[in-house]
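Undergrad: Residues per chain are reported as follows:
Protein chains: 2
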Amino acid sequence: VFEVNWDAEMAEKGGYPHFMLKEIYEQPAALRRVMADRVSPGKIELEEINLSTEEIKDFNKIYILACGTAYYSGMIGKYVIEELTRTTVEIDVASEFRYRDPIVDDKTLVIVVSQSGETADTLAGLRLAQQKGARVLALTNVVGSTIPREADEVFYLHAGPEIAVASTKAFTNMVAAFYLLALYIAKIKDTVSREELAVYIDELLKLPKLAAETLESSEEMIKGRARDYHLQRDAFFIGRNTDYTLSLEGALKLKEISYIHAEAYPAGELKHGPLALIIEGVPVIAIATRMSLYEKTLSNIKEVKARGADVTAITFRGEKEVEKSVDHVLYIPKINELFSGVLAIIPLQLLAYYTAVEKGYDVDQPRNLAKSVTVE
Amino acid sequence: VFEVNWDAEMAEKGGYPHFMLKEIYEQPAALRRVMADRVSPGKIELEEINLSTEEIKDFNKIYILACGTAYYSGMIGKYVIEELTRTTVEIDVASEFRYRDPIVDDKTLVIVVSQSGETADTLAGLRLAQQKGARVLALTNVVGSTIPREADEVFYLHAGPEIAVASTKAFTNMVAAFYLLALYIAKIKDTVSREELAVYIDELLKLPKLAAETLESSEEMIKGRARDYHLQRDAFFIGRNTDYTLSLEGALKLKEISYIHAEAYPAGELKHGPLALIIEGVPVIAIATRMSLYEKTLSNIKEVKARGADVTAITFRGEKEVEKSVDHVLYIPKINELFSGVLAIIPLQLLAYYTAVEKGYDVDQPRNLAKSVTVE
Chain C
1 VFEVNWDAEM AEKGGYPHFM LKEIYEQPAA LRRVMADRVS PGKIELEEIN LSTEEIKDFN
61 KIYILACGTA YYSGMIGKYV IEELTRTTVE IDVASEFRYR DPIVDDKTLV IVVSQSGETA
121 DTLAGLRLAQ QKGARVLALT NVVGSTIPRE ADEVFYLHAG PEIAVASTKA FTNMVAAFYL
181 LALYIAKIKD TVSREELAVY IDELLKLPKL AAETLESSEE MIKGRARDYH LQRDAFFIGR
241 NTDYTLSLEG ALKLKEISYI HAEAYPAGEL KHGPLALIIE GVPVIAIATR MSLYEKTLSN
301 IKEVKARGAD VTAITFRGEK EVEKSVDHVL YIPKINELFS GVLAIIPLQL LAYYTAVEKG
361 YDVDQPRNLA KSVTVE
Chain Y
1 VFEVNWDAEM AEKGGYPHFM LKEIYEQPAA LRRVMADRVS PGKIELEEIN LSTEEIKDFN
61 KIYILACGTA YYSGMIGKYV IEELTRTTVE IDVASEFRYR DPIVDDKTLV IVVSQSGETA
121 DTLAGLRLAQ QKGARVLALT NVVGSTIPRE ADEVFYLHAG PEIAVASTKA FTNMVAAFYL
181 LALYIAKIKD TVSREELAVY IDELLKLPKL AAETLESSEE MIKGRARDYH LQRDAFFIGR
241 NTDYTLSLEG ALKLKEISYI HAEAYPAGEL KHGPLALIIE GVPVIAIATR MSLYEKTLSN
301 IKEVKARGAD VTAITFRGEK EVEKSVDHVL YIPKINELFS GVLAIIPLQL LAYYTAVEKG
361 YDVDQPRNLA KSVTVE
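Going down the list, the protein sequences come from chains C and Y. Taking my numbering, the leading residue of the first sequence gets 1, the next gets one more, and so forth. Taking my numbering, the leading residue of the second sequence gets 1, the next gets one more, and so forth.
For reference, chain C alone in the conformation it holds in the complex (with noise of 0.2 Å):
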């Protein structure tokens, strides 16, 4: 639907019109990259990392500060941390943690998270955490770079680099990374059994192959959804637990390259205000992995639907009971639901990219963004 005007600057983008949809395809490589070295069957070493057992049964907290995509990450590894190690995970975004006085201490493990390495506030935050004794551990993806420098521990994401200012690979990994950070401290405070480790590994082993399914399978629905959705001003994205978390960065693509004023809320919070703006047409992307939660989010699908919001499910294969609610279906591959984020993102992302094309906008470089915010 979209025409392609091929230039000089197509061999850099690998045949790809743009650096996102290229960097959006590179996502299979980039887990395989991320998981290299660092998880084989039945193991998980990050021989990086150069905590004691010690240190980190120690730990009373963990505080994860980052920005932008980086934070919403962070809000996965959030939840993904707490379920698999039972440690109090805070999260704060770094221009609000450098300037109030945190309470971190040398009991504290931060987690800073940077694309880049060189975001003002979360290098800010990182010293500040730092001056009060914390320990602080970087997941980065530019080798080199200052935050990587200053931490004291260094985890890179391997993504390669990422050249479009709206983030994805990047994105998929910092994710990828938080879930092998929780099944590493988790086989250190052994808040999980090795038969469950050897479990969680499988699963994560077979994310690069289903991200490549989910990349294949994806794209024609999601070219029709952005045909629609380019004439949409609004949208809603919601989900409970690790689908929250997922549906925050989802409505931050469409904001960011589609210019979509796009919202997340958890499902549950919807009739405690943000319902008042669903009417006819309004679209919806429900998110609903967390099979546990399934009938909840059904039933917070059906309060959209009976005002008449458009909705669009992302859900497990197989999942059929929610077609009956629902005006579109996306099915990903089955996979363990704690790590269903990096697979139920590339719709997501795919629909941001779609419909900023069809919208005719400068998709690498959106309006009033840069790549890297090396200020405040």
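There's no promise every hint is true.
One copy or two, either will do: identical chains are not told apart, so a pair holds if it fits within one copy or between any two.
To be verified - Derived lysine to aspartate or glutamate pairs resembling DMTMM-like cross-links, with alpha carbons at most 25 Å apart:
id	residue 1	residue 2
1	K57	D105
2	K305	E280
3	K296	E118
4	K132	E90
5	K324	E376
6	K107	E90
7	K132	E83
8	K107	D58
9	K302	E118
10	K107	D92
11	K209	E196
12	K296	D310
13	K334	E319
14	K296	D92
15	K223	D105
Hints are computed from structural coordinates only; laboratory data are not their basis.
Chain C is fixed; fit chain Y onto it per the hints.
TA: The following block gives chain Y in isolation, referenced to the frame of chain C:
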């Protein structure tokens, strides 16, 4: 500018055209009631709370649970309690908390907040927290409702009956309750000196009078803003620290009754995405009452102004610098900046109210919403 049709109901409404406006104007009196018998010069006593000094010192974290407006009062509570008492405060939407096996034990003080005392998810969160051994303190308005009956400790808000669906005076009293709790805990934990405490209390005691002043001084200007806002579809609220947490409630009010897609952001997050939506004429409301962050917020205001936003700032009387950078300034009386939320919310409530009236909506009964959410 709006036509008022007087009818029989008006007696109940005390001469106001809607319950919401009546309740907005009852805030000075409601604030007096929430402090009566609890605060006097130099002294704060919460006799209804049966927690010993040892128990309070023993809690290693506080966990706030609520939905909607009550949740946003809790966000302010989190910031203020952490600042004054140096106790870690977690906060969660009740519908999320109840389904994610939260990390809560007998060292946790759980504070649940619900105007009606019947909010289904909050009640379920309370029960779960008690099962896990936590002590639960309820902030509730309706005496004898289920939540205070089941909670271990109860702090009644004494806001009086609230009929309008969109909460105003109950919200303000929730925020005031958190101020009292924060000072009470700070006194016991000795994180503020006796002299500081006396100064904070003097400020608290000024709130009812200053709320009345704020009502009087904002009304006309807000009516003018509402005439502009009733044509808008979107709005963004920005602020830092407690000004950010208050922005969340300001945005919710505009959503609930004016059906404007309003969204709040920490001002420092603008560059990480939402700035893409700021174009010519988009309304931005900037709250700037945290004076140590004033220059930072001003710099964010200039960013949105440079993109053509129509900016209304809320700040303290006398802070004239901002006038150079914005279209409209709404001044509130000077108060200790930690407690500015109770005053700064008033113009935001009036803005939502008058915008809804301009649009001809049913202010007291907005579409799709109920006063008390007693089902999931």
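Undergrad: Give a verdict on every hint.
TA: Status of each hint after checking the structure:
1. In the homo-oligomer, the alpha carbons of K57 and D105 lie at most 25 Å apart both inside one protomer (15 Å) and across protomers (18 Å), since each shortest distance falls under that limit.
2. For the homomeric pair K305 and E280, the shortest alpha-carbon distance inside one copy (9 Å) is at most 25 Å, but the shortest distance between copies (33 Å) is not.
3. In this assembly of identical chains, K296 and E118 lie within 25 Å of each other by CA distance solely across copies; the values are 19 Å between and 41 Å within a copy.
4. Taking the shortest alpha-carbon separations for K132 and E90, both the intra-copy value of 16 Å and the inter-copy value of 20 Å come in at or below 25 Å.
5. In this homomeric assembly, K324 and E376 come within 25 Å of each other (Cα to Cα) only across copies, at 21 Å, whereas the closest approach inside a single copy is 48 Å.
6. Proximity of K107 to E90 under the C-alpha cut-off of 25 Å is found in both arrangements, the shortest distances being 13 Å within a copy and 17 Å between copies.
7. Only between protomers do K132 and E83 lie at most 25 Å apart by alpha-carbon distance; the minimum there is 16 Å, versus 27 Å within a single protomer.
8. Within a single copy, K107 and D58 get their C-alpha atoms as close as 7 Å, and across copies as close as 18 Å, so both meet the 25 Å cut-off.
9. For a Cα distance limit of 25 Å, the shortest separation of K302 from E118 across copies, 23 Å, qualifies, whereas the shortest one inside one copy, 44 Å, does not.
10. In this homomeric assembly, K107 and D92 come within 25 Å of each other (Cα to Cα) both inside a single copy, at 17 Å, and across copies, at 23 Å.
11. For the identical chains of this complex, K209 and E196 are intra-copy neighbours only, at 21 Å inside a copy versus 60 Å across copies, given an alpha-carbon limit of 25 Å.
12. Taking the shortest alpha-carbon separations for K296 and D310, only the intra-copy value of 19 Å comes in at or below 25 Å, while the best inter-copy value is 40 Å.
13. In the homo-oligomer, the alpha carbons of K334 and E319 lie at most 25 Å apart inside one protomer (10 Å), although the nearest pairing across protomers, at 57 Å, exceeds that limit.
14. For a Cα distance limit of 25 Å, the shortest separation of K296 from D92 across copies, 18 Å, qualifies, whereas the shortest one inside one copy, 28 Å, does not.
15. Proximity of K223 to D105 under the C-alpha cut-off of 25 Å is found in neither arrangement, the shortest distances being 49 Å within a copy and 48 Å between copies.
Consistency note: the structure conflicts with earlier hint 15 alone.
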